[in-house]
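There are 2 protein chains.
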Amino acid sequence: MIFSSEELKRFAKDVFIKIGCPEKEALQAAEVLVSADLRGVDSHGVARLSGYIRLHEKGRLNANPEIKTVHETPSTAVVDGDLGLGLVVGPTAMNLAIEKAKNVGSGWVSVKNSNHYGIAGYHAMMALESDCIGISLTNASPLVSPTFSKERLLGTNPISIAIPTKNQPPFVLDMATTTAANGKLEVLQRKGMNAPEGWLQDQEGHITTDAKGLVKGGSMRPLGGDREHGSHKGYALGAVVDILSAVLSGANYGPWVPPFVAFIDPAPNPVGEGLGHFFGAMRIDAFRDGEEFKEHMDNWIERFRASETVNKEDKVLIPGDPERQTTEERLKNGIDLLQPVVDDLQELGNKLGVPLT
Amino acid sequence: MIFSSEELKRFAKDVFIKIGCPEKEALQAAEVLVSADLRGVDSHGVARLSGYIRLHEKGRLNANPEIKTVHETPSTAVVDGDLGLGLVVGPTAMNLAIEKAKNVGSGWVSVKNSNHYGIAGYHAMMALESDCIGISLTNASPLVSPTFSKERLLGTNPISIAIPTKNQPPFVLDMATTTAANGKLEVLQRKGMNAPEGWLQDQEGHITTDAKGLVKGGSMRPLGGDREHGSHKGYALGAVVDILSAVLSGANYGPWVPPFVAFIDPAPNPVGEGLGHFFGAMRIDAFRDGEEFKEHMDNWIERFRASETVNKEDKVLIPGDPERQTTEERLKNGIDLLQPVVDDLQELGNKLGVPLT
Numbered sequence: 001m002i003f004s005s006e007e008l009k010r011f012a013k014d015v016f017i018k019i020g021c022p023e024k025e026a027l028q029a030a031e032v033l034v035s036a037d038l039r040g041v042d043s044h045g046v047a048r049l050s051g052y053i054r055l056h057e058k059g060r061l062n063a064n065p066e067i068k069t070v071h072e073t074p075s076t077a078v079v080d081g082d083l084g085l086g087l088v089v090g091p092t093a094m095n096l097a098i099e100k101a102k103n104v105g106s107g108w109v110s111v112k113n114s115n116h117y118g119i120a121g122y123h124a125m126m127a128l129e130s131d132c133i134g135i136s137l138t139n140a141s142p143l144v145s146p147t148f149s150k151e152r153l154l155g156t157n158p159i160s161i162a163i164p165t166k167n168q169p170p171f172v173l174d175m176a177t178t179t180a181a182n183g184k185l186e187v188l189q190r191k192g193m194n195a196p197e198g199w200l201q202d203q204e205g206h207i208t209t210d211a212k213g214l215v216k217g218g219s220m221r222p223l224g225g226d227r228e229h230g231s232h233k234g235y236a237l238g239a240v241v242d243i244l245s246a247v248l249s250g251a252n253y254g255p256w257v258p259p260f261v262a263f264i265d266p267a268p269n270p271v272g273e274g275l276g277h278f279f280g281a282m283r284i285d286a287f288r289d290g291e292e293f294k295e296h297m298d299n300w301i302e303r304f305r306a307s308e309t310v311n312k313e314d315k316v317l318i319p320g321d322p323e324r325q326t327t328e329e330r331l332k333n334g335i336d337l338l339q340p341v342v343d344d345l346q347e348l349g350n351k352l353g354v355p356l357t
Numbered sequence: 001m002i003f004s005s006e007e008l009k010r011f012a013k014d015v016f017i018k019i020g021c022p023e024k025e026a027l028q029a030a031e032v033l034v035s036a037d038l039r040g041v042d043s044h045g046v047a048r049l050s051g052y053i054r055l056h057e058k059g060r061l062n063a064n065p066e067i068k069t070v071h072e073t074p075s076t077a078v079v080d081g082d083l084g085l086g087l088v089v090g091p092t093a094m095n096l097a098i099e100k101a102k103n104v105g106s107g108w109v110s111v112k113n114s115n116h117y118g119i120a121g122y123h124a125m126m127a128l129e130s131d132c133i134g135i136s137l138t139n140a141s142p143l144v145s146p147t148f149s150k151e152r153l154l155g156t157n158p159i160s161i162a163i164p165t166k167n168q169p170p171f172v173l174d175m176a177t178t179t180a181a182n183g184k185l186e187v188l189q190r191k192g193m194n195a196p197e198g199w200l201q202d203q204e205g206h207i208t209t210d211a212k213g214l215v216k217g218g219s220m221r222p223l224g225g226d227r228e229h230g231s232h233k234g235y236a237l238g239a240v241v242d243i244l245s246a247v248l249s250g251a252n253y254g255p256w257v258p259p260f261v262a263f264i265d266p267a268p269n270p271v272g273e274g275l276g277h278f279f280g281a282m283r284i285d286a287f288r289d290g291e292e293f294k295e296h297m298d299n300w301i302e303r304f305r306a307s308e309t310v311n312k313e314d315k316v317l318i319p320g321d322p323e324r325q326t327t328e329e330r331l332k333n334g335i336d337l338l339q340p341v342v343d344d345l346q347e348l349g350n351k352l353g354v355p356l357t
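If you read the sequences in order, they're chains Y and D. FYI, the numbering for the first sequence is 1 to 357, going by the numbering used here. FYI, the numbering for the second sequence is 1 to 357, going by the numbering used here.
Among the hints, a few may not be true.
Each pair may be met inside one copy or between any two copies, as identical chains are not told apart.
Pairs of lysine to any residue, SDA-like flavour, derived with a Cα cap of 20 Å [unchecked claim]:
(1) K216 x P196
(2) K216 x L143
(3) K312 x E151
(4) K216 x V310
(5) K184 x D226
(6) K191 x E228
(7) K312 x R227
(8) K184 x N311
(9) K24 x D343
(10) K312 x Q203
(11) K58 x E292
(12) K294 x P255
(13) K312 x H206
Hints were generated in silico from the structure; no laboratory data involved.
The shape of chain Y in the complex, shown without the other chains (with noise of 0.2 Å):
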């Protein structure tokens, strides 16, 4: 069923002020959410709505918030984000690394006491339009095995990275550390198919190419795969995303990460509050001029999609490219949900008295 973002963003924001959120934070929640269905990375937009509600009945998510700064320097700072959506503690975080950016050339934020945050690229990019280069990192619920271990310890910990330009689009990084994101898992699993080897491992913590290996029990393989391959790099930048995440903020990291899933209970004996969030941004004129550095950002990126490529029907990629397509395509043409979640939307509204139409 074919939905306007707009329609989206309308729902959700009215589906977060009935839970309680202010109206400025509903609107800013919702803009992160449906940004996610606009980039095509479907796992993390409105399909997870009714996960936040969840949250929210168990007394896991607190929809009024007060967002403090707990501890700050010129450039860096500790945000306490009480509980708050975590698509609203980003967006107040990543604002304060830009504010210090524009200050004194950077600024650096880690969260604790907050939830999942969306799609880390929103908040990355959210730099580009102060000039700055913009980073999102974010623990997660461990569902990854680090290299030689069975047991679920990270999260898919994403790192991205946005970039100016000046008549190219934007550099967006925006990845999982392991081999592969969950939601390319779960379309392999609705299809039927399976999973390429070095994606996942079972409960044992052998390869697997089960794509539901997941919900038997077993654990995602860091990037890399395995240890031949370099699954020990992916494992490392993961465990790097946690530490900025969470060990620096004093949220929980590692197996203490609190579940998305409301009916997983947290671990008991937390090492911390909440989950964790690192964000960055670095003004580009605190380097070189900063109309000098776009012009090489083109020449960069015009050289590489120039690149001879090994089939001719392929072209080089530039990060960010795949999603922007998709963004275009679908302001154009409506967001396409699947019935499962239209389903799943539609009871969620009548519960709460939120027609999605």
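Since the structure of chain Y is provided, determine the placement of chain D on it from the hints.
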């Protein structure tokens, strides 16, 4: 043949002095170089010494540079390395980043007009003694093809991140953004063994297991190996390293990065000056109480070390463990250099009148 690290440092220092480096800088350069031998990254240690000297002979390396800060804000700077040894320019720039971190919480320094800086980890680890998180990136000779490309457009562009701890040894990530580091390939070449799939492609861009593929005009694959296993992520990470190191500073980027080997001329029409690095330092107590941070780092590490493993004989490693074990072993037993490396160093020593004993 076995040498003590002190003897190798003395030899490298004297060689650098012979080409005109001031004594203090020669010592610094030797220290960085031999730290690679100690950490087991043999490809970046004294085996490269004669390569630096050949660059000097070609006029592509300035033994007595005037390293200058050419642009700065309280938390950022661009440093011009005056075509000096990266082994000297790197630590100078990293010290500036640490200084800025002391003043305003964090410091970020992009470097142009430099040369190869040895192992990334050395520079990142400099931050540890100031209770800072250290970050070190560099671009490098183009050897890597982006996903779908058959051209060499990126270097192995490493990422190193060092994080302070309390009683545990520090967390030190030091990784190439390729599936495997070049040094591992060289080991396979010497042993006449094949490389695993996903490490290399041939000149036409097709996967090859020939460990000599690179010498035959092929290229290295980004971490992930192929699109299905996430090579677009390794490519994007390598791209970010290139951009922060060179587009931000005004160095050469992508295929324009000057090759380390003196027998290949730099690309005509350079887009910048020399090659580029990027350094960062963040004071841990710019985020939270330093002791508290370190205690939680220890807890993080202890939890991961205690993880249940797939095979009983394996242990979950913490980034930096293998290099630290090698360092301990080599400090005790000396550094066993391969005969071709010894021959090369002796030839160099004879030419410059510096004995290797």
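Status of V310 relative to K216 across identical chains (alpha carbons, at most 20 Å): between (38 Å within a copy, 17 Å between copies)
At most 20 Å between CA atoms: does that hold for K58 and E292 within a copy, between copies, both, or neither? neither (52 Å within a copy, 30 Å between copies)
Between K24 and D343, at a C-alpha cutoff of 20 Å, which is it: within one copy, between copies, both, or neither? neither (27 Å within a copy, 71 Å between copies)
My question is about K294 and P255: at a cut-off of 20 Å on alpha-carbon distance, are they close within one copy, between copies, both, or neither? Intra 41 Å, inter 18 Å, cutoff 20 Å: inter-copy only.
20 Å Cα threshold - placement of P196 relative to K216: within (17 Å within a copy, 30 Å between copies)
Could you figure out if K312 and H206 sit no more than 20 Å apart (CA to CA) within one copy, between two copies, both or neither? So K312 and H206 pass the 20 Å test across copies only (13 Å; inside, 37 Å).
How would you label the pair K216, L143 (within, between, both, or neither) given a Cα cut-off of 20 Å? Close inside one copy (12 Å), not across copies (41 Å); limit 20 Å.
Can you tell me if K184 and N311 fall within 20 Å by alpha carbon in one copy, between copies, both or neither? Neither: 24 Å inside a copy, 28 Å across copies.
Please work out whether the CA atoms of K312 and Q203 approach to 20 Å or closer within one copy, between two copies, in both situations, or in neither? Between copies only: 15 Å across, 41 Å inside.
With identical chains treated as interchangeable, where does the CA-CA distance between K312 and E151 reach 20 Å or less: within a copy, between copies, both, or neither? Between copies only: 13 Å across chains, 43 Å inside a chain, cut-off 20 Å.
Within a copy, between copies, both or neither: which one fits K312 and R227 at a CA-CA cutoff of 20 Å? between (32 Å within a copy, 16 Å between copies)
If the cut is 20 Å between Cα atoms, do K184 and D226 qualify within a copy, between copies, both or neither? both (19 Å within a copy, 16 Å between copies)
Checked against the numbered hints given earlier, this structure breaks hints 8, 9 and 11; the rest are met.
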